[in-house]
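Student: Sequence:
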Amino acid sequence: MKDQALDRIFNKPSFYLKFERLELDDNFCIIDTSEQVQRFAEYPNEVLRGKDIRLSFPELIGLEDMLKALLQGEQKLFELQAIKRYFEHKLHLYIDIYIIGQQQENKLILLIEDVTDRLVLKQKLAQQTKKTNLLSSALISSRNYMEQVITSMADALLVTSNLGKIKKVNRAAQELFGFREEELINQPISLIIDDEQLLIKAIYQHSYLKRSSQNLEVVCRTKTREKLLIAFSCSVIAKKTEGLEDIVYIGRDITAWQRREQRTSAQYAMTRILSESQSIKQGIPQILQSICQNLGWDLGELWTPSQYIGTSVQGDSLNAVLRCVEIWSSRVISAREFKAITWQATYTPGVGLPGRIWIRRLPLWIKDITVDGDKRRSLPAAEAGLHAAFGFPILDDSEILGVMVFFSRELQPKDKDLLQMMGSIGSQIAQFIKRKQAENALVESEERYRDLFENANDLIQSVNPSGRFLYVNRAWRETLGYSEAEIANMSLFDIIHPEFKQHCLQRFYRVLSGEKLGEVKAAFVTKDGQTIFLEGNINCKFVEGHPVATRGIFRNVTQRLAAEEALRHQQKETERLLLNILPAVISKELKEPPASIAEDFADVTVLFADIVGFTEIATSMSAIQLLNLLNSIFSAFDRLTKQHGLERIKTINDAYMIVGGLPIRRPDHTQAIALMALDMQTAIALFNTENNQNFSIRIGIHSASVVAGVIDVNKFTYDLWGDTVNIASCIESQGIAGKIQVTEDTYKCLCDEFLFEKRGEIEVKGKGKMTTYLLIGRK
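Each residue of the sequence shown is one higher than the last, beginning at 148 in the numbering used here.
Computed cross-link-like contacts, DSSO-like style, restricted to lysine-lysine with a CA-CA straight-line distance of at most 27 Å:
hint	residue 1	residue 2
1	428	688
2	486	522
3	895	926
4	674	648
5	370	561
6	254	165
7	886	912
8	895	912
9	886	916
10	165	223
11	231	165
12	198	223
13	688	668
14	789	895
15	668	648
16	231	215
17	895	905
18	688	581
19	314	374
20	926	905
21	231	277
22	563	370
23	581	428
24	198	254
25	278	231
26	486	374
27	165	271
28	370	314
29	797	914
30	271	231
31	312	370
32	886	926
33	315	374
34	165	198
35	648	688
36	916	895
37	663	648
38	514	561
FYI, nobody ran anything at the bench for these hints, they're computed from the structure.
Please build the complete structure, drawing on both the sequences and the hints.
Tutor: Dropping the structure here:
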């Protein structure tokens with residue numbers, strides 16, 4: 148190895164230029180030097196002939212034995228590497244020292260090499276390697292962090308290739324679209340996006356403009372092919388190789404938001420159409436088109452039993468024959484055959500979707516009309532690509548005027564909110580139709596229909612622009628009580644109730660300005676000072692652009708409003724009475740089917756209490772006195788029952804039954820019953836003191852399972868069944884006056900918190916002997 152080192156030194160091409168040299172005698176004193184050797188010394192001024200080498204190169208101190216071995220030929224070469232020298236101007240250098248022994252001449256040769264550049268480069272390389280390792284570690288940490296962020300994101304995230312193949316999805320995307328991760332990876336994004344090419348094109352257009360695509364609304368499909376509207380924020384991740392970019396999609400489900408917007412738009416459009424349409428025939432096609440376009444349905448129909456809606460229907464509506472009188476369809480469907488069959492089809496009440504809505508008088512939803520059983524239209528509907536359907540009646544109070552039905556190419560689950568909204572719209576359409584009928588009749592000829600007006604139940608009036616009455620019908624006069632002479636000297640504003648005057652004035656002047664109003668509400672004061680409430684519509688007659696008369700048709704809704712108020716009051720009273728009879732949760736369940744309510748409770752505690760000697764005491768007082776005493780005692784017990792969160796089941800004569808742990812389950816029901824029993828003893832003692840009586844109660848308690856419920860909904864009685872009830876009753880009947888007797892099951896639940904006295908065994912019918920304890924009090 149030493150020979151190799153010597154060869155490495157002496158065989159360098161620049162040997163004489165690369166090394167500085169020192170020659171030493173056997174006392175390590177300098178005998179010769181090269182010209183530049185001082186610049187490598189720790190103390191350059193000491194590099195003089197005759198000087199000890201250790202004064203200028205202190206690194207050799209302690210190496211004397213090694214130097215002697217070199218002089219004696221025991222070793223050929225010794226190396227000192229990477230010795231650092233510092234200078235005042237903050238520069239430094241590194242040197243390697245090679246020491247060679249010349250045995251024949253008895254001297255040492257020191258060769259010094261400047262290795263600063265090599266070591267600095269080596270250090271920089273080490274630093275760069277360390278920095279690379281740190282960057283790699285940071286990258287891994289960042290990647291792990293981003294994975295956690297992506298996993299916990301509420302928004303759906305997908306990463307695809309530039310050709311639309313899915314490379315990554317997060318949990319939110321899987322839950323939103325109903326696919327597992329393995330079902331999406333390496334699949335085309337068209338699996339969930341209807342028009343992925345349009346989306347990718349939009350993304351690249353934004354990419355060329357150097358910005359991300361925000362809120363691109365795209366129709367997507369779940370695994371069950373349910374349609375969702377997703378707002379995507381997308382960006383292209385550039386790579387070194389052009390054409391291999393990845394696309395990141397971050398999507399948020401805005402389907403519910405879109406539905407709300409659609410329904411708001413539909414309601415607004417419906418209000419506008421109903422207020423602006425001059426006739427029923429003008430308004431109905433606009434209504435069908437507006438509902439389809441605003442709510443995203445493809446075809447709408449109107450079915451009536453007459454030639455057109457608004458025409459009188461002869462005979463009983465149960466025997467009506469429904470025909471389609473209006474159809475609107477979007478251009479995206481081809482439904483020529485479906486329409487042709489629809490125009491020719493007729494339905495009787497209860498048959499087909501229109502007939503079923505007609506007979507039910509309620510909105511109806513069909514998930515897929517092609518499998519609904521309507522053989523006449525199911526096949527044409529399938530050929531036209533129509534699936535989901537819904538319809539609603541055009542209903543005014545109890546009178547049904549027609550049915551509207553709508554179809555969609557999508558399979559859509561039932562939407563209760565939409566059906567409720569459309570039921571309300573059906574009423575608005577019915578009111579619109581009724582209003583237009585009245586308006587048309589009035590516009591045609593007031594004189595011609597004066598007899599009709601006179602016999603109408605609605606209140607009809609006509610006033611000039613200053614509010615003076617021009618005409619009122621018989622119903623108006625009889626309802627308000629004013630004579631024709633009085634009316635001739637009155638103004639409309641004289642009979643409006645003060646609270647409604649400002650509102651009615653505003654409506655009156657809006658009509659005079661040509662504005663079309665929907666239904667208006669008002670309150671008039673009768674001659675005898677009573678207030679009647681009215682609903683109806685008003686319109687204005689113009690001659691050469693100037694208003695000459697406003698005409699109003701109103702319904703007297705005073706009795707209806709009073710009935711509604713009375714009904715609300717009655718409902719509140721019924722609720723209150725029901726809560727007095729039944730537990731709150733049971734009362735709530737009774738309002739929903741099924742009518743019978745029964746439930747198993749595995750862990751409850753039942754308490755029976757009986758007033759000892761009550762039968763004998765009852766013979767000494769009147770029934771009223773007896774009832775008052777019982778009411779006072781049981782009222783005190785009822786207050787304790789509510790205080791301890793228990794449920795009173797019933798009272799039978801002088802017996803009182805309560806239970807803990809139902810209908811709302813609770814883990815401390817046994818403790819609550821025990822405290823209740825102790826408080827009952829205190830309450831009966833207080834009652835005796837206040838009423839100069841000497842009553843005592845006998846209490847029995849048992850803990851186990853029961854069945855509880857309401858079987859006879861006509862009497863609304865909440866009761867318990869099972870051995871637990873029978874055992875608790877037997878424990879009470881065989882108890883001791885003034886004592887609380889419990890079974891061993893109850894004792895085990897309470898022994899850590901309460902004091903007991905063992906009574907022994909008693910005979911329980913059907914159960915044999917049972918060990919019982921007497922509850923004394925709390926520990």
